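A.B. asks: Residues per chain, in single letters:
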Amino acid sequence: MSVKFSTIDSLQAAMTFHRERHTVLAGNIANLDTPGFKPLDLQRTTPAEGTQLAVTEDGHIATTAASSGVVTSFSDGGQLQGADGNAVELERELSKIDANRTRYATASELVSRRVALLRYAAGDGT
Amino acid sequence: MSISPIQLPQITGVEGATKTEPKTDLGGAFSKALSEARELEGTATDAAERFANGDKSIGIHEVMIASEKANIAVRYATTLKNKAIEAYRELMNTQV
Amino acid sequence: MSNTIDFFSAMEVSASGLSAQRTRMNVAASNLANAQTTRGADGGPYKRRDVVLSAANAPSAEGTTFAGSVKTVEVQQISQDTAPPRLEYDPGHPDANAQGYVAYPNINPVEEMVDMITASRAYEAGITTMSTAVNMAERALGIGK
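Here the protein sequences line up with chains F, A and L, keeping their order.
Residue numbers for the first sequence, in this note's numbering: 402 to 527.
Residue numbers for the second sequence, in this note's numbering: 18 to 113.
Residue numbers for the third sequence, in this note's numbering: 727 to 871.
Same shape as in the complex, but just chain F (with noise of 0.2 angstroms):
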């Protein structure tokens, strides 16, 4: 490659997975009040991590496009909220939301950024 687009490339893995993880975090919060429901995540490991999958709760594997580590979706079983088996805690699954809202922003802002920055190189500073 003349150009050297590995970072960008990088980001778009990561926003990738920000994305798909809001899906999954989002799924808890319309089952707040669904009786016997358990609140999913996703995590991803990192290349160098990669070769080891981690093990979950119900085993579901998938992976993301930019294969840049493989993505688990997992049971992050919370306190039972109450009598009918319910465990997603409303104001613990709004943080993970907004954190990771921050962290596909900021990808974001990164891609931008190096955007420009690879755009003012090609261009020979103008």
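The hints are simulated quantities; they were obtained by calculation from the structure and are not laboratory data.
These numbers come from a predicted model, not from an experiment.
Note that beta-carbon positions come from the ideal geometry of N, C-alpha and C, so glycine has one too.
What the simulated footprint calls covered on chain F by chain L, stretch by stretch (three residues with Cβ under 8 angstroms from a Cβ of chain L suffice, anywhere in the stretch; the number is not a length):
1. 414-424
2. 434-444
3. 499-509
Straight-line alpha carbon distances no greater than 25 angstroms define the calculated SDA-like cross-link-like pairs of lysine to any residue that follow:
4. L:Lys871 - F:Asp499
5. A:Lys49 - A:Asn99
6. L:Lys871 - F:Arg515
7. F:Lys497 - L:Leu744
8. L:Lys871 - F:Tyr521
9. F:Lys439 - L:Ser745
10. F:Lys497 - A:Ile77
Assemble the complex: chain F is given as a structure, and chains A and L must be docked to it using the hints.
C.D. replies: Frame of chain F, contents of chains A and L only:
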């Protein structure tokens, strides 16, 4: 008494090493940049089309990033092209 | 097979939550309004309604590698109270039976208010979550600007 020749260890290329382009090979760098630009433009167009058709495997940031990458690659190829032309002109203007 | 899920799925998930919580609010409101209804559509006292929720796999994630992890919520059914009605002795009431008892629904207004409040809270959380997804998508649109 026969003397067997010393067996030199086989010298193999270093793993992962790529042939570095000689710094003065502008033409080679340009054609490489051009083909990369073409490839990235294809990816970007494909991504935009799939997105426009409602293909859910392409998200917003994928389309945006593909578009920016193509943009940068084309810019780079253009820069190299301009440099090549400039170098050629200078050469032709050199007083002998 | 696609192996990513996009914001459309997030919207579908959040929308299902909003819809389910609205149903809960409507049912709680209906129960509150009919707490004293001794003669409903079928002639007998109003029967308290309850919303039964269940999680489902989001259709938009079907076929992706996340198919089992993206959960929507759906109203499995709106059940009617099968317990016997609450009886009050009031022989002068037009709906009193031969023994002078009037059958009232088994509705505790306080419980219904609590249901309405929790549904409302969950609805708000769903709105926030949906806004977050929109916000993220807008950030992505700004790449390179």
